[in-house]
Every structure is written in C-alpha cells, then in structure tokens.
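Participant: All chains should be modelled from the sequences, with the hints used to inform the complete structure.
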Amino acid sequence: MKTGEATVIDVPEGSRATKGKAPILMVPKQEKGGMKRGLAIIDLVLRIGAIVAALAAAATMGTSDQNLPFFTQFFQFEASYDDMPSFQFFLIAMSMVAGYLVLSLPFSIVAIVRPHAGGLRLLLLIMDLVALTLATSAAAAATAIVYLAHNGNSSSNWLAICNQFGDFCQKH
1 MKTGEATVID VPEGSRATKG KAPILMVPKQ EKGGMKRGLA IIDLVLRIGA
51 IVAALAAAAT MGTSDQNLPF FTQFFQFEAS YDDMPSFQFF LIAMSMVAGY
101 LVLSLPFSIV AIVRPHAGGL RLLLLIMDLV ALTLATSAAA AATAIVYLAH
151 NGNSSSNWLA ICNQFGDFCQ KH
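FYI, full-length UniProt numbering numbers position 31 of the sequence shown as 31, with every residue one higher than the one before it.
Some clues are possibly wrong.
Computed Cβ-Cβ distance ranges for the label pairs, DEER-style [what the hints assert, rightly or not]:
(1) Ser155 - Leu46: 40 to 48 Å
(2) Thr143 - Leu103: 21 to 29 Å
(3) Gly119 - Trp158: 48 to 56 Å
(4) Pro106 - Leu129: 15 to 23 Å
(5) Val45 - Ser137: 37 to 45 Å
(6) Met96 - Tyr147: 42 to 50 Å
(7) Phe89 - Met35: 33 to 41 Å
If you are wondering where the hints come from, they were derived from the structure by calculation, not from laboratory data. A virtual CB, placed ideally from N, CA and C, is assigned to each residue, including glycine.
Facilitator: So, in structure tokens, the structure goes:
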C-alpha cells in the first residue's frame, strides 16, 4: 500500500439500523411442522406395534384348543375358542382392529408428509377411538369368560373347567 491511498469497505445499506446490535443467542430456524412431523412418526411406529399386538392376540385365540380323552379314543371332550361366543367375538374384533390399523397406515404416512393436515388427524383420532372401543369390549367379554373358566360360579352352578382343560386355559 502506498501512502495516501484510502481503503474502501463496502457496507450494505440496511446494516446501519442494526449497528452495534448483535444477537445474544443465534437460534436456528426450525423446519416448518417439525414437532408435528415427529409426533406423526411416533404415531406410525405405534400403529405398527398395535398391528403386531392385535394379530398376535387373534392368532393366540384362534389356535387355542385341547382334546380331553375319556375312556376311549372315540369319546373325547374338546375345548376350543369357537365353543364360546365371547371368544369368537374377541377373535373377530381383534382381526377387525388389525385390519383397520393396516388400512390406516397410508393415512399415517400422509400425516408425516403433510404435518399440518388437521382434518386427517381428526379422522384418524375418531377412527382410533372406535377401534379402541371395539378392542376393549372384546377384551372385557373374553376376560369375563376366562374368569368363569378359572373360578366358576356357584350361584349359577357353573363349574370351573380349567381343572380339566389346563393347556387350553393357560393360553387365555
């Protein structure tokens, strides 16, 4: 540099208003819908877990049976889920809940892609409540029968069958 030459620094015009005002903490801009997208991902994972649980419950109920031979091979007592309407209701209801959850997976994926879709979330919430009510009523009906199978009811002269059908009762 020679003596007498000036150095020129370009300063943008808008920076004079903020002269001497530096931000204390730099907070990065959040992605639009980040929290809602995270909740939608959790919703998808929970749906997949619920599908596995509903199918496992239905499969366990559908495969539970036991033969109890008496005297001869031709005279047998059999205990199976389809002998009791409450167990049939449980199997059908859990299958319906699993089917609904499988059908709701695409809607859950759309909720991840479009996190601000409020109508879709409301639809899923209402349908989830219906599925929850169905699963709870089926579980309550099956639990009542399982209780009678284990303990019986002396007022109604219903005997506990789990003394004879131990393997069948262990699955419920």
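Participant: Hint by hint, which ones does this structure get wrong, listed from lowest number up?
Facilitator: 5, 6
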